[in-house]
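Peer 1: Here are the chains, one letter per residue:
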Amino acid sequence: AQSVSQHNHHVILSEAASLELGCNYSYGGTVNLFWYVQYPGQHLQLLLKYFSGDPLVKGIKGFEAEFIKSKFSFNLRKPSVQWSDTAEYFCAVANSGGYQKVTFGTGTKLQVIP
Amino acid sequence: EPEVTQTPSHQVTQMGQEVILRCVPISNHLYFYWYRQILGQKVEFLVSFYNNEISEKSEIFDDQFSVERPDGSNFTLKIRSTKLEDSAMYFCASSDLSGSRHEQFFGPGTRLTVL
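So the protein lines, in turn, are chains A and B.
Be aware that the first sequence starts at 1, since it is given in my numbering, and climbs by one per residue.
Be aware that the second sequence starts at 1001, since it is given in my numbering, and climbs by one per residue.
By construction, these hints were calculated from the structure, which means they are not laboratory data.
Keep in mind it's a predicted model, so treat the numbers as computed, not measured.
Ideal placement from N, C-alpha and C gives every residue a C-beta, glycine not left out.
Treat the hints with caution; some may be incorrect.
[Stated by the list, open to error] Listed below are the simulated DSSO-like cross-link pairs for lysine-lysine, each with C-alpha atoms no more than 30 Å apart in a straight line:
1) A:Lys-109 x A:Lys-49
2) B:Lys-1042 x A:Lys-49
3) B:Lys-1042 x A:Lys-61
4) A:Lys-58 x A:Lys-71
5) A:Lys-71 x A:Lys-49
6) A:Lys-58 x B:Lys-1078
7) B:Lys-1057 x A:Lys-49
8) A:Lys-49 x A:Lys-61
9) A:Lys-61 x A:Lys-109
10) B:Lys-1057 x A:Lys-69
11) A:Lys-109 x A:Lys-58
12) A:Lys-58 x A:Lys-69
13) B:Lys-1057 x B:Lys-1083
14) A:Lys-71 x B:Lys-1042
15) A:Lys-69 x B:Lys-1042
16) B:Lys-1057 x B:Lys-1042
17) B:Lys-1042 x A:Lys-58
18) A:Lys-109 x B:Lys-1057
19) A:Lys-109 x B:Lys-1042
[As the list claims (entries may be wrong)] To list a few chain B residues with every Cβ distance to chain A over 12 Å, as calculated:
20) Arg-1022
21) Val-1043
22) Asp-1063
23) Leu-1084
24) Glu-1103
25) Thr-1113
[Unchecked claim] One-sided excerpt, in silico: chain A residues whose CB lies under 7 Å from chain B:
26) Lys-101
27) Phe-104
28) Gly-107
Generate the whole structure from the sequences, applying the supplied hints.
Peer 2: Below you can see the structure in the form of structure tokens.
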């Protein structure tokens, strides 16, 4: 069974600080990896995804993530956060091929202080 | 840009009552899903649906739950006799068939409150 671990439950940063949110997954086969964001009172939105190819993936709003297969990791990064990045971030994994059941991590609440 | 829509946005019901949550997936999508998020917890997979039948369901999806695609556009989740612990945000998602890249698009969710 696939599983996802997010190491940080709550992160507080000042504006312009750099961000890195950890994510590790467990799955025996080929995976597709995602980061979703949920702004307060809003629904899940896809930040970025990895299916294959370049392990450094760039997403919306200046976010990027790096897939390191040997470490089963897919950490999310942003060089300089803004107050508007305050949200909850979910790492997710799905098996490649056929229909996909997406398994989510527990989420990381990011609070950016102006 | 096409999007998944869900109605209602908030449903309040009494314990033991039946509820139907409605979703309109993106029109050319073939795979449909329901997830739920209990307040303060992670998003959990409930069920996937393809070709008019359930593809996979989690242990949460017991006999009280059912899904249906009653016509070409709607996808519904029915809870027959709601319990307090069914209170959660329910997300519908859909994906298309494009190789193995089944990116799921999520709807805005229905907040279900069981009293």
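Peer 1: None of the hints should be skipped; say for each whether it holds.
Peer 2: Each hint, compared with the structure:
no. : hint                    : verdict
1   : A:Lys-109 x A:Lys-49    : holds (20 Å)
2   : B:Lys-1042 x A:Lys-49   : holds (19 Å)
3   : B:Lys-1042 x A:Lys-61   : holds (23 Å)
4   : A:Lys-58 x A:Lys-71     : holds (20 Å)
5   : A:Lys-71 x A:Lys-49     : holds (18 Å)
6   : A:Lys-58 x B:Lys-1078   : violated (38 Å)
7   : B:Lys-1057 x A:Lys-49   : holds (24 Å)
8   : A:Lys-49 x A:Lys-61     : holds (14 Å)
9   : A:Lys-61 x A:Lys-109    : holds (17 Å)
10  : B:Lys-1057 x A:Lys-69   : holds (28 Å)
11  : A:Lys-109 x A:Lys-58    : holds (21 Å)
12  : A:Lys-58 x A:Lys-69     : holds (17 Å)
13  : B:Lys-1057 x B:Lys-1083 : holds (19 Å)
14  : A:Lys-71 x B:Lys-1042   : holds (23 Å)
15  : A:Lys-69 x B:Lys-1042   : holds (24 Å)
16  : B:Lys-1057 x B:Lys-1042 : holds (17 Å)
17  : B:Lys-1042 x A:Lys-58   : holds (24 Å)
18  : A:Lys-109 x B:Lys-1057  : holds (28 Å)
19  : A:Lys-109 x B:Lys-1042  : holds (12 Å)
20  : Arg-1022                : holds (15 Å)
21  : Val-1043                : violated (4 Å)
22  : Asp-1063                : holds (20 Å)
23  : Leu-1084                : holds (22 Å)
24  : Glu-1103                : violated (6 Å)
25  : Thr-1113                : holds (16 Å)
26  : Lys-101                 : holds (5 Å)
27  : Phe-104                 : holds (4 Å)
28  : Gly-107                 : holds (6 Å)
The structure shown violates the earlier hints numbered 6, 21, 24.
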